[in-house]
Structure formats: C-alpha cells, structure tokens
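Peer 1: The chain contents come next:
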Amino acid sequence: MKIKIPVSKAKQIVIHHTLKLSEKTIEKTEIANNFLTDFADVILFITHFIKETFTRKFELREFLHQCFVIGYKSLPLITVTGTIMGFVLTIQSRPVLVSFGAVTMLPGMVAVSLIREMGPVITALICAGKIASGMGAELGSMKVTEQIEAMEVSSTNPMRYLVVTRVWAATLMIPLLVLYADAMGILGSWMGANLKGDVTLTLFFSQAFSHIDFIDFIPAIIKTFFFGIVIGLVGTYKGYNAGRGTESVGKAANSAVVLASLLVLIVDMIAVQITDMLVL
Amino acid sequence: MKTEQTELPVEDTVQIDPNDPIIEITKLCKSFGTQQVLKDLSLKLYNGENLVVLGKSGSGKSVLIKCIVGLLRSDSGTIQVFNHDVTALTVKELGKVRQEIGFLFQSGALYDSMTVKQNLEFPLIRLKTELSEKDRNVKIEEVLENVGLSDALYKMPSQLSGGMRKRISLARTIVVDPKIILYDEPTTGLDPVTSDEISVLINDIQKKYKTSSIIITHDIECARATADRLIMLQNGQIYADGDIDGYENSKDKVIKAFFK
Ligand SMILES: Nc1ncnc2c1ncn2[C@@H]1O[C@H](COP(=O)(O)OP(=O)(O)OP(=O)(O)O)[C@@H](O)[C@H]1O
Ligand SMILES: [Mg+2]
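Chains as they are written, first to last, in our numbering: chain C, 1 to 280; chain B, 1 to 260.
If you're looking for bench data, these hints aren't it; they were derived computationally from the structure.
Ideal Cβ placement from N, Cα and C applies to all residues, glycine included.
Be a bit skeptical, because a hint or two may be false.
Pairwise CB distance ranges (calculated) [said to hold, decoys possible]:
#1 Lys-128/B <-> Glu-247/C: 48 to 56 Å
#2 Val-91/B <-> Lys-251/C: 26 to 34 Å
#3 Asp-112/B <-> Arg-56/C: 50 to 58 Å
#4 Asp-112/B <-> Lys-57/C: 21 to 29 Å
#5 Arg-73/B <-> Ile-215/C: 51 to 59 Å
Going by beta-carbon spacing under 10 Å, a handful of chain B positions derived as facing chain C [said to hold, decoys possible]:
#6 Ile-16
#7 Pro-21
#8 Val-91
#9 Gly-95
#10 Arg-98
#11 Gly-102
#12 Phe-105
#13 Tyr-111
#14 Asp-112
#15 Leu-127
#16 Lys-134
#17 Ser-169
#18 Tyr-209
Residues of chain B clear of chain C, computed beta-carbon distances all greater than 10 Å [what the hints assert, rightly or not]:
#19 Lys-27
#20 Arg-73
#21 Gln-106
#22 Gly-148
#23 Leu-153
#24 Leu-160
#25 Asp-191
Can you build the whole structure from these sequences, using the hints too?
Peer 2: Written out as structure tokens, the structure reads:
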C-alpha cells in the first residue's frame, strides 16, 4: 500500500498569518471578557451543582467519607482553637467585669459572645483555611492529572461524585464543628476562670447556659449552614476550575482560602443584619 | 517471559472490514483561543482495526481522541461513533456511548486517593452493574495478571513507579471490556521488555475481544508491532495515511525523521 501526502502548505501559511493579525484584538477583548466569563462560570457552576443535587442518584459512600474527612479529621484543630478562644476571651474580659463588680456575669457573657459570634466565625475561618484549601488542592490536582476526565469516561458524573458530596458534607459538618467549638470554648473559658477563682465545671456551665436564649442560638446555628455551603462551594469551584499545569493547583488552593474567608465574613455581616431586623 | 500469549486464546487473523467504519470523523475542527489544533480533520477507524497515530508533540493527538469521547467539544465537524454523532448527543446518550469506549490517559490518571483495587473497581462498579463482587474480583485479578502486576492490588498509586502506574491504568482501561480502546501513549516511559509485553497485550486484546483501537505512540517498535494502519498528524491535519511498509520506505523528510 502506498501512502498519501496531501499538499496544502500554501493554505496553511495564509491561515497562520490571518491568525497572527487577529491575535491582538482578541487579547484586548479577552481581558474585558474575563470578569464576565468568571461570573458566568460561577453561575453555571452553581446551577450545575443544584441540578446534580436533585438527581436521584446520590453518591452516599463518598458523601459519608467526606463527612468523615471534613468533620472527624478537623476535630483536633477545632479542639485546640475552640479552647484557646474561650480561654483568651475570659482572661481578657475578666478585669473589665471586675471593675464593674460583675464577675458573676463572666460565664454568661463569654458563652453569649462565643455562641453568637466568636464560635461560628472563627471556626468557619479556620475551616476555610483547612477545608476549602484542601478541596481546592485535591480537586485541582485531580483536574490537572486528568482524574476528573477519567471519571467522566467511566460514566461517573464528577460534579455529582466530587462536588455535590463535598459541598453537602461541608454544609452538614461545619455546623457540628461550630457546636463542638462552642463547647470547647466554654471549657476553655472555665479553665481561664479557674486561674483566678475557683468554680466547678458544672456550675460554670449552668451559669453560662442560664444566660443563653433561643435568640442567641438559632440564628447563630442557621448562619453556620451558610458558612458550610460557602466553604464547600468555593473550595470545589476553585479546584474544579483549576487551569492546566501543576502551578494552578497551588493557585486553586490559595484563592479558595482567600475567597472562602472573605465570603464567610460577608455572610456573617448579612446574617447579623437580618437577625437584627427580625429581633427588633 | 510473561505468559500473556498462552493465557489468551489468540486467533491468527484479524478481520478488518473497510466498509464498516466504527468511528467516522468528518471535517473536525478544534481550537483553543487563537490556536487551531485540528483543522478539517477527517478520519475513519474500521471495525477490528488497530490504528496508530503518529505526530510531533503538540500536534493534537491527545486532543483528537478526547474529542472522540466528548471530553473536549469540537468547534465543528461530526464524529460518528457506532453511528451516533458524539457532538450532538445528550449527556445521558454520551454516557451510553462511553460505556463501550476504553480510554488510556497519557498521564495515567489513576485516582490518587484510592488503592489499585479501588481504582480498578471504580469503572467496573459503574459500568458493569450486573457483576457480583466475586466476579469483579476475578476480573480484576485477570487484568492485573495481564499487565504483570498481580501483587500491586492493595498499593496506593503513590507507591508505584511511573511504569507501574502506566500499566495499572492500562489495566483499568481494559477491565470493562470496551469495544473501542483509545490508547494515549501506552508504552511511554516503559523499559523495552515491558513495552514489548504491552504491545503483545494490545494485539491480544484486539484479537480476543475483537476491539478496534486508536493507539497514539512515539514508540516506533510499538507501532510496528501493533499497527494495521498508521496516520501521521501534522498542523492539525492528516499528513500521511498508510501501512507500516509505506512509511518505512517513504522518501518524505517528515516521515523519515520518525523512522530513523
Ligand atoms: N485544554 C486545553 N486548553 C488549551 N490548550 C490545549 C488544551 N489541550 C491541548 N491544548 C493545546 O493543544 C495542542 C495539542 O495538544 P495535545 O495534548 O493534543 O498534543 P499531543 O499531540 O498529544 O502531544 P504529546 O505527544 O506531547 O502528548 C497543544 O499545543 C496544547 O497546548
Ligand atoms: Mg498527548
């Protein structure tokens, strides 16, 4: 058998030159378009996520595995930060309360500020650092090494398998981690109180909780679900949309932390406003 | 030597029917930004055929086969696989077509977080839902033996060498008995002995399961061993198309550079 070689050199040269010319104009519009395409990407990602959430097939095993990874594996970190949070808060506010002659208020005050604000926000920020960056790096490297494409050719929807499971796991586990951090915070606060005074743990806890109303508790818990969803979405989005090449893995992890932290604070601000409006 | 040849009952002849293209690509174009990678590329893969794709690095070989399984969307042109136009299918229909296609990724694409066994189970569980766990294990053992890595079952991909990863991903590709296999550089990074074994394995699979394959390779030995027909990509088009003798005897500069 002979081989055939088509001659089309001239044609290719023409195409090459026309491309060169149009390259510059395209570059300019590209920058302007970048913001819009990014925005469109986000919207597309979220719609896709919602759509895949409501399909019948749910990857239960992967979801449970992610709950384990996100929840259980964060426990040591949250234990330490939660305890320190309560401890520091107590040590700092004690002198003020003493000068007002209101040391008995200490457990209640610490508990309220822990449960309302400190616990949720600091835990969420730490999770943004640990979980969002972890997701960004993991999915980013899966993207770069073609693992996500490999899933796709195995007739597995990577959006469903990787993204939906992680986002819902984060949404479920971060509120639990916050509750746990609150408890650790009160424990830390008790330790701090015991440096100067002498209170039993049970008394301290009962004093703390006697000051807490539903109105402290419910909005704080509701907003942690939103923290969870934000952290999950940002982490997976950044990883899932990582570019080509290994350096984009680092970029994905990094920008996931930055954006997730920022969004946690913004969500918190909105939540505070809404609570304020509803309570008044 | 490995015992692949004795394990798979092999018929001597392969029947390639030139009237029966299993993949038919017409006027395929694909560009990234301003870079046009494939230009009006037309290609047929016949039933039962091993088609080797040659071409310089960056000539669009990987892009071509990614378009075939719909991992990349083509800009224009049609890609008929089993008489379905991949470019026009819904996600669900595309999934059905993909069930019959095995894809060996250039980078291996093993799932880092899973053991070798879980890696092989992953497509089996999802594509061969009818298999029991026992059948799956039998199948996994069989393919691991074929690639000569039976003892790697419980290793993590990070514990494997580059060549071993390649072979495991080859095992993962063939474990679901696809009708079409797209190999992206199956022998790159392997020693000559293992390369030969992989070439033999590719031929055995072709004969035993009557698969049709596209094999991208830079490895001329592998091409010699496996090819029924070779095409060469250059500047987004097919530069040459023919059998191995035609290439070896060619006076063309570009082709000669490959067949030194
Ligand atoms: N997802 C993508 N985004 C942008 N450009 C891409 C993408 N995929 C491939 N390319 C570009 O397309 C061209 C062809 O890439 P491809 O991976 O097909 O090359 P190849 O022929 O497989 O080369 P090699 O032998 O090195 O694997 C390259 O220039 C590459 O930069
Ligand atoms: Mg390639």
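Peer 1: Does each hint hold? Answer for all of them.
Peer 2: Hint by hint, here is what the structure shows:
no., hint, verdict
1, Lys-128/B <-> Glu-247/C: 48 to 56 Å, "violated (38 Å)"
2, Val-91/B <-> Lys-251/C: 26 to 34 Å, "holds (29 Å)"
3, Asp-112/B <-> Arg-56/C: 50 to 58 Å, "violated (29 Å)"
4, Asp-112/B <-> Lys-57/C: 21 to 29 Å, "holds (24 Å)"
5, Arg-73/B <-> Ile-215/C: 51 to 59 Å, "holds (52 Å)"
6, Ile-16, "violated (13 Å)"
7, Pro-21, "violated (17 Å)"
8, Val-91, "holds (8 Å)"
9, Gly-95, "holds (5 Å)"
10, Arg-98, "holds (5 Å)"
11, Gly-102, "holds (8 Å)"
12, Phe-105, "holds (5 Å)"
13, Tyr-111, "holds (6 Å)"
14, Asp-112, "holds (7 Å)"
15, Leu-127, "holds (6 Å)"
16, Lys-134, "violated (20 Å)"
17, Ser-169, "holds (8 Å)"
18, Tyr-209, "violated (18 Å)"
19, Lys-27, "holds (14 Å)"
20, Arg-73, "holds (13 Å)"
21, Gln-106, "violated (8 Å)"
22, Gly-148, "holds (22 Å)"
23, Leu-153, "holds (19 Å)"
24, Leu-160, "holds (14 Å)"
25, Asp-191, "holds (23 Å)"
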